[in-house]
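With these hints in hand, go ahead and build the complete structure from the sequences.
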Amino acid sequence: MKGRLVQIGNSRGVRLPKPLLEEAGLTDEVEIRARKGVIVIERVGRPRTGWAEAARQLRKRNGDRLVGAPVRTRFDDKEWRW
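My numbering puts the sequence shown at residues 1 to 82.
In case anyone wonders, no lab produced these hints; they're calculated from the structure. Only a predicted model underlies this, so the values are computations on that prediction, with no experimental measurement involved. Be a bit skeptical, because a hint or two may be false.
[To be verified] So the derived label-pair ranges between C-beta atoms look like this:
no.: 1; residue 1: Val14; residue 2: Thr49; range: 23 to 31 Å
no.: 2; residue 1: Arg33; residue 2: Leu58; range: 30 to 38 Å
no.: 3; residue 1: Arg43; residue 2: Leu5; range: 17 to 25 Å
Glycine included, every Cβ here is placed at the ideal spot set by N, Cα and C.
Here is the structure:
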């Protein structure tokens, strides 16, 4: 598909057809990067997407245990107050 750059104030823009946006799953917020001769527009990744499921899987494998024994520190012995 070809398009044309249009003037938008001091900037330039490209009109993106609705079916193209829907096919790409683009909504309001996007990531935009430029490389030589290419502009990439991507969906914004949601931070921590999939973390809950990954934690459940980790728990199933008993992978949610401490790696080593807790180490006492000066703070534990002298500074911490209940």
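How the hints compare with the structure:
Val14 and Thr49 have their C-beta atoms about 28 Å apart, which keeps the hinted 23 to 31 Å range intact. Range check, Arg33 to Leu58: Cβ separation about 32 Å, and the 30 to 38 Å hint holds. Judged by the Cβ atoms, the range 17 to 25 Å given for Arg43 and Leu5 holds: they are separated by roughly 23 Å.
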